[in-house]
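Number of protein chains: 2
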Amino acid sequence: MTVEELVGAARAGSVRAAGRLLSLAEGDRRAEVTAALPQAAIRVVGVTGPPGAGKSTTVSALIGAYLERGLRVAVLAVDPSSPYSGGALLGDRIRMAAYAANPDVLIRSLATRGHLGGLAAAVPAAVRVLAALSYDLVLLETVGVGQSEIEVAAVADPAIVVLAPGAGDAVQAAKAGLLEVADLLVVNKADRDGAERTARELRAETGRRVLLLAASAGRGVPALVEAVEAHRRSDTPARRTARVRTQILAMAQTALRAHPDLDRLAAEVAAGREDPGAAADALLGRQR
Amino acid sequence: MTVEELVGAARAGSVRAAGRLLSLAEGDRRAEVTAALPQAAIRVVGVTGPPGAGKSTTVSALIGAYLERGLRVAVLAVDPSSPYSGGALLGDRIRMAAYAANPDVLIRSLATRGHLGGLAAAVPAAVRVLAALSYDLVLLETVGVGQSEIEVAAVADPAIVVLAPGAGDAVQAAKAGLLEVADLLVVNKADRDGAERTARELRAETGRRVLLLAASAGRGVPALVEAVEAHRRSDTPARRTARVRTQILAMAQTALRAHPDLDRLAAEVAAGREDPGAAADALLGRQR
Numbered sequence: 000m001t002v003e004e005l006v007g008a009a010r011a012g013s014v015r016a017a018g019r020l021l022s023l024a025e026g027d028r029r030a031e032v033t034a035a036l037p038q039a040a041i042r043v044v045g046v047t048g049p050p051g052a053g054k055s056t057t058v059s060a061l062i063g064a065y066l067e068r069g070l071r072v073a074v075l076a077v078d079p080s081s082p083y084s085g086g087a088l089l090g091d092r093i094r095m096a097a098y099a100a101n102p103d104v105l106i107r108s109l110a111t112r113g114h115l116g117g118l119a120a121a122v123p124a125a126v127r128v129l130a131a132l133s134y135d136l137v138l139l140e141t142v143g144v145g146q147s148e149i150e151v152a153a154v155a156d157p158a159i160v161v162l163a164p165g166a167g168d169a170v171q172a173a174k175a176g177l178l179e180v181a182d183l184l185v186v187n188k189a190d191r192d193g194a195e196r197t198a199r200e201l202r203a204e205t206g207r208r209v210l211l212l213a214a215s216a217g218r219g220v221p222a223l224v225e226a227v228e229a230h231r232r233s234d235t236p237a238r239r240t241a242r243v244r245t246q247i248l249a250m251a252q253t254a255l256r257a258h259p260d261l262d263r264l265a266a267e268v269a270a271g272r273e274d275p276g277a278a279a280d281a282l283l284g285r286q287r
Numbered sequence: 000m001t002v003e004e005l006v007g008a009a010r011a012g013s014v015r016a017a018g019r020l021l022s023l024a025e026g027d028r029r030a031e032v033t034a035a036l037p038q039a040a041i042r043v044v045g046v047t048g049p050p051g052a053g054k055s056t057t058v059s060a061l062i063g064a065y066l067e068r069g070l071r072v073a074v075l076a077v078d079p080s081s082p083y084s085g086g087a088l089l090g091d092r093i094r095m096a097a098y099a100a101n102p103d104v105l106i107r108s109l110a111t112r113g114h115l116g117g118l119a120a121a122v123p124a125a126v127r128v129l130a131a132l133s134y135d136l137v138l139l140e141t142v143g144v145g146q147s148e149i150e151v152a153a154v155a156d157p158a159i160v161v162l163a164p165g166a167g168d169a170v171q172a173a174k175a176g177l178l179e180v181a182d183l184l185v186v187n188k189a190d191r192d193g194a195e196r197t198a199r200e201l202r203a204e205t206g207r208r209v210l211l212l213a214a215s216a217g218r219g220v221p222a223l224v225e226a227v228e229a230h231r232r233s234d235t236p237a238r239r240t241a242r243v244r245t246q247i248l249a250m251a252q253t254a255l256r257a258h259p260d261l262d263r264l265a266a267e268v269a270a271g272r273e274d275p276g277a278a279a280d281a282l283l284g285r286q287r
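Just so you know, the sequences run in chain order C and D. Residue 287, in numbering that gives the first Met the number 0, is where the first sequence stops; the numbers in between run on with no holes. Residue 287, in numbering that gives the first Met the number 0, is where the second sequence stops; the numbers in between run on with no holes.
Simulated from the structure, these hints should not be mistaken for laboratory data. Do not rely on the hints blindly, as some may be mistaken.
Identical copies go unnamed one by one, so any copy, or any two together, can satisfy a pair.
[Stated by the list, open to error] Taking lysine to any residue pairs in the SDA-like style, the calculated list, with each CA pair at most 20 Å apart, reads:
#1 K174 with G206
#2 K174 with L255
#3 K174 with T253
#4 K174 with R256
Note that this is a predicted model, so its numbers are computed, not measured.
Could you build the full structure based on these sequences and the hints that come with them?
Here you go:
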């Protein structure tokens, strides 16, 4: 089938055709696919956070809430560590399985390892396909903490960061630079000890809105949906620029961490033969 | 008095002469002072962490412990926000006041604003003066969380990071890149709820040794001293290189945050006219 035929079949309800289109958009026929698709409006809500914080449970709760509002919902679950998923359309997440047969829900695992241009290029192409297939909302779930989530945050509005109570998840998110790009912070597992205190401390530390959620019990979901909608109404160019600023710095830092001269410079400084400031300048290609 | 005369007077016990020498070493006569001083061995233990975590209380407890071991102890308290302190020799920290009259203890506030080369240059010069004056150990306390503490960590062995229980301090320290350069993590105020849990989470998250302390009550101090001594015995060139690596990256990141093109690039990306990866490359002065 041509791309046009696939679009027609997918719009007529073929799950198989939709999966084939997404595979093409993720792979080496991306330019051909996106060129054949009409531009259409779609919203992207990001859900990210450390492993075990309850991202998938939160996503499942949001699927239910937005279906109730009459929206067609797609989930893009990004797992950088998983191999290319081929045409597999359905996620294997147990809690999402309830929605697998629903024609208004599409769940897609997006592997990024070895992809052309990585997540930064693959996600917008997949989102474009989903828009053309008349989905109203994409829930973009990223697994793990790292560069990918910084990239995701820049396309999502809002970017929701889900954390478990306590210091562990908060530290992971802070180290990844994630707290700075989060629009909404969610402390999940709010029935656990210390959840309110963690929320209070994160609010004081980040100046961001922090919500309490017990996603598996459904508690706090209406407030989360309301916060998502309120954020969308209030997003501004200044806020977007601030998010992008952090994103650019995170990408630059990732590049510096992989700089071929870093280990040699560190050894020189450790041996007392070089000054750390001069080494930093050398890393940035600057003369003193 | 010449520098040689000041050294003689300070070694004979003149607090005033010691203060004058330190002022000269912090200021524009640094090269002259350090050239006149004999090289002498001295240990530097760093104590850092967010405001309110109990750094000064921890430092006071360490002063007491090392005096008991027969060492002469100097404290360099670095406060980047305070104005130049002139010849003032004694800190105004209430808990340290007990040691103010002890001839084996010297407490010095080191302001870094406007200093030549900042903390990275001022601290080694002050340490050199203290070594020449026959102090055995410098406790280097930095106030606030930021670049200065990363710089401090590189000269200290070990660098101790003091945090209060909960997520707030841990997040501040992680954002500052401080957890990566910490040799020992201390959860102070161990009598508070959740201290043991915070210690457990930090241990899992950082892979570092984490100690519980109630410094104001003196609990946990012997274990902290033992950990300091054990770390000193086990420090290796590989560890020092890893610390320096983080230090160089932190200094490079600080330089990038102040890059004159960053705001313009962020606005371009936010407006969709530039790609974030290309903007990061531009920040690093690289061609794509």
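Checked hints:
1. K174 with G206: both (17 Å within a copy, 14 Å between copies)
2. K174 with L255: both (16 Å within a copy, 17 Å between copies)
3. K174 with T253: Both: 12 Å inside a copy, 15 Å across copies.
4. K174 with R256: Both, since 14 Å and 16 Å are each at most 20 Å.
Hint compliance for this structure: no hint is broken.
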